[in-house]
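Asks: Protein chains in written order, with the UniProt record's numbering: chain A, 1 to 233; chain Y, 1 to 233; chain W, 1 to 233; chain R, 1 to 233.
Bear in mind the hints are in silico, worked out from the structure with no lab data behind them.
Accuracy of the hints is not assured; some may be wrong.
Stated by the list, open to error - Short derived list, chain W residues pointing at chain R, Cβ under 8 angstroms:
#1 9
#2 63
#3 115
#4 116
#5 193
#6 203
#7 205
#8 215
In this text, all values refer to a predicted model and were calculated from it rather than measured experimentally.
Here a beta-carbon is modelled for each residue, glycine too, at the ideal position from N, C-alpha and C.
4 protein chains.
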Amino acid sequence: MEQYEAIQQAAYDANMQLPALGLVLFTFGNASACDRDLGVFAIKPSGVAYEKLRPADMVIVDFDGNTVNGTMRPSSDTLTHAVLYKNWENIGGIVHTHSTYATAWAQTQTDIPIFGTTHADHLTEDIPCAPVMSDEMIEGDYEYQTGFQIMNAFADRNLSPEEVEMVLVANHAPFSWGKSVEKAVYNSAVLEEVAKMAWLTRQIRPDAPRLKPALIRKHFERKHGSGAYYGQE
Amino acid sequence: MEQYEAIQQAAYDANMQLPALGLVLFTFGNASACDRDLGVFAIKPSGVAYEKLRPADMVIVDFDGNTVNGTMRPSSDTLTHAVLYKNWENIGGIVHTHSTYATAWAQTQTDIPIFGTTHADHLTEDIPCAPVMSDEMIEGDYEYQTGFQIMNAFADRNLSPEEVEMVLVANHAPFSWGKSVEKAVYNSAVLEEVAKMAWLTRQIRPDAPRLKPALIRKHFERKHGSGAYYGQE
Amino acid sequence: MEQYEAIQQAAYDANMQLPALGLVLFTFGNASACDRDLGVFAIKPSGVAYEKLRPADMVIVDFDGNTVNGTMRPSSDTLTHAVLYKNWENIGGIVHTHSTYATAWAQTQTDIPIFGTTHADHLTEDIPCAPVMSDEMIEGDYEYQTGFQIMNAFADRNLSPEEVEMVLVANHAPFSWGKSVEKAVYNSAVLEEVAKMAWLTRQIRPDAPRLKPALIRKHFERKHGSGAYYGQE
Amino acid sequence: MEQYEAIQQAAYDANMQLPALGLVLFTFGNASACDRDLGVFAIKPSGVAYEKLRPADMVIVDFDGNTVNGTMRPSSDTLTHAVLYKNWENIGGIVHTHSTYATAWAQTQTDIPIFGTTHADHLTEDIPCAPVMSDEMIEGDYEYQTGFQIMNAFADRNLSPEEVEMVLVANHAPFSWGKSVEKAVYNSAVLEEVAKMAWLTRQIRPDAPRLKPALIRKHFERKHGSGAYYGQE
Chain A
1 MEQYEAIQQA AYDANMQLPA LGLVLFTFGN ASACDRDLGV FAIKPSGVAY
51 EKLRPADMVI VDFDGNTVNG TMRPSSDTLT HAVLYKNWEN IGGIVHTHST
101 YATAWAQTQT DIPIFGTTHA DHLTEDIPCA PVMSDEMIEG DYEYQTGFQI
151 MNAFADRNLS PEEVEMVLVA NHAPFSWGKS VEKAVYNSAV LEEVAKMAWL
201 TRQIRPDAPR LKPALIRKHF ERKHGSGAYY GQE
Chain Y
1 MEQYEAIQQA AYDANMQLPA LGLVLFTFGN ASACDRDLGV FAIKPSGVAY
51 EKLRPADMVI VDFDGNTVNG TMRPSSDTLT HAVLYKNWEN IGGIVHTHST
101 YATAWAQTQT DIPIFGTTHA DHLTEDIPCA PVMSDEMIEG DYEYQTGFQI
151 MNAFADRNLS PEEVEMVLVA NHAPFSWGKS VEKAVYNSAV LEEVAKMAWL
201 TRQIRPDAPR LKPALIRKHF ERKHGSGAYY GQE
Chain W
1 MEQYEAIQQA AYDANMQLPA LGLVLFTFGN ASACDRDLGV FAIKPSGVAY
51 EKLRPADMVI VDFDGNTVNG TMRPSSDTLT HAVLYKNWEN IGGIVHTHST
101 YATAWAQTQT DIPIFGTTHA DHLTEDIPCA PVMSDEMIEG DYEYQTGFQI
151 MNAFADRNLS PEEVEMVLVA NHAPFSWGKS VEKAVYNSAV LEEVAKMAWL
201 TRQIRPDAPR LKPALIRKHF ERKHGSGAYY GQE
Chain R
1 MEQYEAIQQA AYDANMQLPA LGLVLFTFGN ASACDRDLGV FAIKPSGVAY
51 EKLRPADMVI VDFDGNTVNG TMRPSSDTLT HAVLYKNWEN IGGIVHTHST
101 YATAWAQTQT DIPIFGTTHA DHLTEDIPCA PVMSDEMIEG DYEYQTGFQI
151 MNAFADRNLS PEEVEMVLVA NHAPFSWGKS VEKAVYNSAV LEEVAKMAWL
201 TRQIRPDAPR LKPALIRKHF ERKHGSGAYY GQE
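My request is simple: use the sequences and hints to build the entire structure.
Replies: Written out as structure tokens, the structure is:
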């Protein structure tokens with residue numbers, strides 16, 4: 001339907017960028033775009049090859065995970081997207097990949113330490129790794145609980161989803177988000193690059209120190225605050 | 001001959017995908033497609049460059065390794081394919097590559113541990129590494145024995161080739177298979193990606209734990225069993 | 001304006017080469033070209049995607065960092081470029097990237113040791129890593145101070161910017177330069193390759209020795225001195 | 001001149017394949033093709049970008065390193081090629097690269113151990129690393145002595161250049177050769193892949209054992225000897 005075309009197109013474009021950026025193999029990822037006025041998001045159908053996708057294939061789902069429009073089954077990770085859209089009111093797009101380096105960090109169940117300004121230009125915290133889910137959560141509604149596992153990790157650490165737009169889920173893989181799905185795609189590529197750099201840094205120097213506070217603060221202020229001076233806006 | 005065209009085309013397409021997916025350098029791989037009604041499979045000729053291959057070049061071989069149709073010598077690994085088709089009745093395609101990360105694991109003679117859900121989405125066991133062959137097997141009919149070495153490893157561990165569609169052969173390289181040769185190609189790409197992720201995981205955290213049982217079970221059930229909900233089928 | 005067209009075109013071409021050479025992701029880099037007669041340089045505007053850049057977008061800046069021509073805000077690293085042009089009279093182009101391997105070395109705060117002739121063909125010193133900036137420098141005029149941090153590192157080690165055309169800034173990333181911006185781009189690609197080789201060398205053999213003095217001297221003489229015999233000039 | 005066209009074309013094609021195969025950055029490599037009847041070889045001119053090369057630019061040089069035809073200066077590694085052609089009568093092409101993984105092994109001054117059948121399908125020895133040259137050799141006629149350093153390493157280990165068609169020169173980089181320059185290019189790509197696999201093997205398992213003798217022998221016999229059965233010949 002016409003009212004969904006904008007988010008279907010945005011979700012489609014975002015999904016198509018994931019293999020182009022080297023972030024997904026086959027169908028190992030999904031992107032969604034949200035329309036807050038309509039209270040729905042458009043998401044990739046489950047297990048369909050990227051080369052066969054069309055914008056109109058994007059399934060329209062509400063924030064409780066009910067399919068509102070579309071004939072195909074939505075991505076198996078749809079409930080995770082729904083939980084995040086429902087609870088985090090300022091995000092407009094979500095991306096999930098199994099990108100190689102970020103997923104390897106997730107498999108180690110550890111945060112990605114902030115080692116340099118490439119990282120600090122995007123977030124001034126270690127990239128959090130939400131802990132392994134309890135057996136109860138796994139055996140319950142798994143994808144729904146994955147959304148809560150992410151939210152709980154942010155609550156426990158007092159992190160804001162507007163400041164930290166990416167997370168690892170232990171033994172699983174990364175999720176990223178942003179004001180738009182374009183920003184969420186950008187964040188997933190940044191996360192993969194930062195994950196690779198952090199791995200290399202540790203390989204060269206196992207005791208490499210985290211970035212010092214003055215540099216973290218400086219890079220935060222360059223992009224935020226009253227004196228921000230990065231970009232054209 | 002016309003009756004072989006379907007498997008020749010399928011084998012050809014699969015062989016051509018291997019360099020496109022970055023899984024083979026030069027001629028370091030081969031794919032075959034099986035027709036169980038005819039009791040034969042089509043396989044790449046030995047040592048021919050991928051850019052010169054044509055569908056009609058695929059050699060037709062029976063399950064004892066005899067060439068039934070074709071003027072070129074079949075792949076030097078043909079007998080391994082023949083043994084697997086003869087003994088495992090439900091497989092329709094086989095792929096052999098020397099893909100970089102999977103081959104490195106094979107060279108270490110160790111299984112690839114299950115570290116995350118990328119792995120568990122495809123198989124819920126460590127990826128088995130068949131042990132180094134005995135001198136007697138090597139000095140006998142080497143490629144034929146390679147097939148038995150793979151089958152013996154599955155029998156010893158009580159693994160099913162319908163559940164675990166990939167194996168490493170120690171000091172050699174991976175084999176994968178599936179209901180179709182398309183699925184076998186898919187599995188060889190998944191294996192390479194999982195092999196890379198497992199290597200990185202160990203590099204970042206040498207004592208990284210295997211995926212916990214509840215997550216292994218959950219991912220098995222997502223794709224199998226009565227409540228399966230992945231994909232469009 | 002017409003007088004700036006040559007350096008705008010050179011800076012544009014150089015900026016476009018950075019993603020083509022795999023040295024930058026999104027907008028994580030910038031290149032500038034200098035006209036010493038006019039006392040200005042052309043540099044990429046801040047945060048503009050490479051695919052949208054046009055030569056006329058290059059901002060013209062003087063050696064004190066003042067915008068002389070152009071409507072967009074120049075790169076946030078502009079003051080670092082300005083300081084280097086002002087103080088190092090023989091350089092005509094500068095490139096800054098966050099290329100993966102060089103940035104990982106920067107994050108370890110260590111020099112890249114000279115392990116082989118690939119390195120020695122370009123410079124006969126370890127690639128220097130300027131130390132982490134003091135809190136005072138960071139909290140002052142950060143990008144301006146980054147330029148001084150680089151110059152101080154060269155002064156402390158008695159290095160010449162004509163002989164050593166690249167540097168790492170600790171916890172940040174590499175800068176390179178040369179007589180022209182084309183040479184600066186070339187140097188940034190060489191640095192990334194040498195950084196990768198040095199990492200691999202240490203991985204294979206943690207106590208790998210530096211290149212011995214006779215080989216360092218020989219490679220210096222092949223490209224410099226009266227008996228130089230590399231290239232067509 | 002017309003008589004040189006065949007080797008000029010062969011050398012040109014080979015040089016152009018090096019960047020296509022990912023084996024050289026910029027001009028970090030050279031390939032030559034030999035005509036034994038004429039007693040000359042065609043080699044890339046020094047320091048010319050690959051995208052500007054034409055077949056007629058290939059310089060014709062005799063086995064003592066004298067330029068016989070051509071206006072450009074031949075590759076700075078020409079004397080190494082000349083020494084090998086003069087002393088090893090059965091080789092028809094030589095390739096020198098600074099390919100990343102092979103060069104890293106060279107920088108560690110160690111042989112690449114034979115860990116698997118990918119290696120054994122091409123040579124049944126560790127890939128030899130010629131030792132670092134003595135100061136006398138370096139300060140003498142460096143590139144000429146590099147050729148002797150390679151030949152001495154083969155003589156000391158009793159290796160045949162017909163069986164082992166590749167070598168590392170310590171702290172420098174690899175050389176490969178073959179009956180034709182096409183085979184030499186092939187060998188340089190094989191070497192790079194085997195070098196990467198051997199590095200990964202050691203990373204996963206530092207004490208990984210060498211391939212056992214029965215497998216080495218088997219793979220030697222598959223390609224050589226009276227019972228060879230690999231390829232179409």
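Asks: With reference to the structure, classify each hint as holding or not holding.
Replies: Hint-by-hint comparison with the structure:
1. 9: violated (19 angstroms)
2. 63: Check failed: Cβ of residue 63(W) comes no nearer than 30 angstroms to chain R, outside 8 angstroms.
3. 115: Residue 115(W) check passes; min Cβ-Cβ to chain R is 4 angstroms, inside 8 angstroms.
4. 116: Holds, about 4 angstroms.
5. 193: holds (5 angstroms)
6. 203: holds (7 angstroms)
7. 205: With Cβ-Cβ at 4 angstroms, under 8 angstroms, it holds.
8. 215: Because about 6 angstroms separates residue 215(W) from the closest Cβ in chain R, which is inside the 8 angstroms limit, the hint holds.
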